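**Q** Chains Y and S are the protein sequences, given in the same order.
Residue numbers for the first sequence follow the UniProt record's numbering, so the first one is 1 and each next one is one higher.
Residue numbers for the second sequence follow the UniProt record's numbering, so the first one is 1 and each next one is one higher.
Just so you know, these hints were derived from the structure itself, not from any lab.
None of the values given here were measured: they were computed from a predicted structure.
All the given hints hold, so there is nothing to weed out.
Chain copies aren't distinguished; within one or between two, either way the pair holds.
As a list, the in silico DSS-like pairs of lysine-lysine whose alpha-carbon atoms are at most 30 Å apart:
no. : residue 1 : residue 2
1   : 258       : 14
2   : 256       : 210
3   : 258       : 210
4   : 18        : 202
5   : 258       : 243
6   : 202       : 56
7   : 209       : 56
8   : 202       : 256
9   : 256       : 209
10  : 202       : 20
11  : 243       : 256
12  : 145       : 210
13  : 113       : 258
14  : 113       : 125
15  : 56        : 18
16  : 145       : 243
17  : 27        : 14
18  : 56        : 14
19  : 252       : 78
Number of protein chains: 2
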Amino acid sequence: MELWYTENQTPNVKFSMKVKSHLYAEKSPFQEIEVIDTYEFGRVLVIDGWTMVTEKDEFIYHEMITHVALSTNPDIKKVLVIGAGDGGTVRELTRYETIEKIDMVEIDEVVVKASKEFLPFTAGKLDDPRVNLYFEDGIKFVEGKVNQYDLIIVDSTDPIGPGEGLFTVEFYNNCFKALTEKGILVNQGESPYYPNNSREMKRAYSKLKKIFPICEAYQYHMPTYASGHWLFGFASKTLHPIKDFNAANFEKRGLKTKYYNTNIHVGAFALPNYVLEQLNSEE
Amino acid sequence: MELWYTENQTPNVKFSMKVKSHLYAEKSPFQEIEVIDTYEFGRVLVIDGWTMVTEKDEFIYHEMITHVALSTNPDIKKVLVIGAGDGGTVRELTRYETIEKIDMVEIDEVVVKASKEFLPFTAGKLDDPRVNLYFEDGIKFVEGKVNQYDLIIVDSTDPIGPGEGLFTVEFYNNCFKALTEKGILVNQGESPYYPNNSREMKRAYSKLKKIFPICEAYQYHMPTYASGHWLFGFASKTLHPIKDFNAANFEKRGLKTKYYNTNIHVGAFALPNYVLEQLNSEE
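Chain Y on its own, in the form it takes in the complex:
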C-alpha cells in the first residue's frame, strides 16, 4: 500500500508527499500534532494538517529567521522566541556565543515533547543552559515587559488557532515595549501568492508599520510551504537591515550556513513588484 500525506494548500491546490511511516499523532489542548517519515523530505512535523517543519528544508526557514537580525545587530544578547516548538530557531541562536539568554515561550508543550523525541535535528539544542523554556501563552508573556529583549522572534503558525493573537496590534505594541532601544522584531510574515496567505501577510505588515519606525520584509525560497515563496517581517526601533548591515558582522563569526550568506542578506530584501504593491496597499 502506498501512503501519501496531502496538504490542502488552498481549496484548489494540493501538495502530497509519499510517506514511509506515520510515527506519531497526538491531540493537545490546542491542536493536533503529527510526525511522519517521508521519502523526499525526511521527517515532517504536521500540525492541524499543515506542514510545519521538514528535515530536508527546515534549514532555510531557521537560518533566515535568525541570521538576518543577528548580522544587523551583532550585539544582540537577550532574545525572546515565541512559538518555535520544534526548536530549530533556538538551535540557530545557540550558535552565537555572544547571546546570553534565550527565553522561549511555546504555548503547547506537546509540540516540544514530540520534537525532542522525533525531530532531534531541530530540537537538539533546547537544553542549552542559556535557554529558558516557558510553556505559556506568548501574548500574555510579553505583556508589561519593558526594555528586556534585543530581539523578539515570532516563529508562529499561520494566524489561525493558537497563533491568531500573535498577529494583533496589541501584541506588536507589547513587543515594541519589551524591546531595548536597538530592538528588532522578526516575524513569520506569510506569503504573497495564494489569497489565504497574502491576506494575512498584508494584515501583519500593515500593523507592524504603524508601530515600528523601520518596517521591512524579506523573502526566502521554502519549497515545502505553499507556493514556496515566503516572507519574514523585520521591524525595528532604530536599526535598518540594509543600511546598518555590515557583512563583517557575520563573516567574523565563522558560522557555516547552508542557505544564508551576506549576499542573500541584502538580496532577500529585493521584493518583486507584485509583492511590494500588496505590502504598500492600505489595509
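Take the given structure of chain Y and dock chain S to it, following the hints.
**A** Same frame as chain Y, but now just chain S:
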C-alpha cells in the same frame, strides 16, 4: 465530479490543481500537448504531463527570462529565442522598441497553434512584424551562424524529449559563435532542490562555464514549477549582469512589470550557499 490535474514532481511528490475544464489535447510528432482551465491558476499549458505555463504566474518566468539581459545591455537589437512556443518570452521582448528583430525557433508548431488559440495572454504578440517564426530544430538553426544575435534566449522544457539537445556543449558552442561581441545567452537553468532538477542544473551550468567568460545564475520564485525555486543561467562574452548593469537602462523605458524591478535584478543573483555549492562543484 471533481477533476484534478496532478504533476508528479518527483516519484515521491505530487502537486495537484483543481480543474474547471479540459480544453485541449493533441499529440504532436514531438510531445503531448494539453490545455486545462483551473480554479487557482487560470489556464495551464501542460506538455508530457509537466506544467509549462499558467495564467496566474507566467509573468514571473517571462519577465525574468528577458528583462535581466535587456537591462544589462540596453542596445540589444537582434534576438534569437529558442523554444518558447507559448509566446510569453516574445511578448516581453516586443515591449522594447529598440529591438529590431526577433527570430523565434520552436520545433513544435502544435504548441504555437494551441497557445494562439487558448493562451492569448502569452501568444498575443507573435504577430508583431519584428517576429520571424521558424518551426525548426533550434539546435540545427544556430549551427554555422556567426555574429548575428545580441541575445539568445533558450526557453526550453527540461532536458528530456525534444529539449535534450539544448543542454549540450556543442549547442552552447554554436550559440557562442552566433552571438555578437557583447552577446548574452540566457537559458532555462533548472532548479536546485529536487535531485532530478538539480542534476540538470549542474550539468548545464558546468558546460556554459567552460565556454563563456562570464557565467552566472539568478533565481526567481515560480510557484507552479516543482519546489518553486528556479534559476536562469546568464552567460556572456563581455558584459557582467551586475557590474555592467545600470538601473537607468530599465527605468528610462517606463515599462510596467509585475515581478522584475531593478532591485530584483541585483538581488536575484544572490544565491543560497547550498545552490552555490552545487553550481561550483565539478561535474
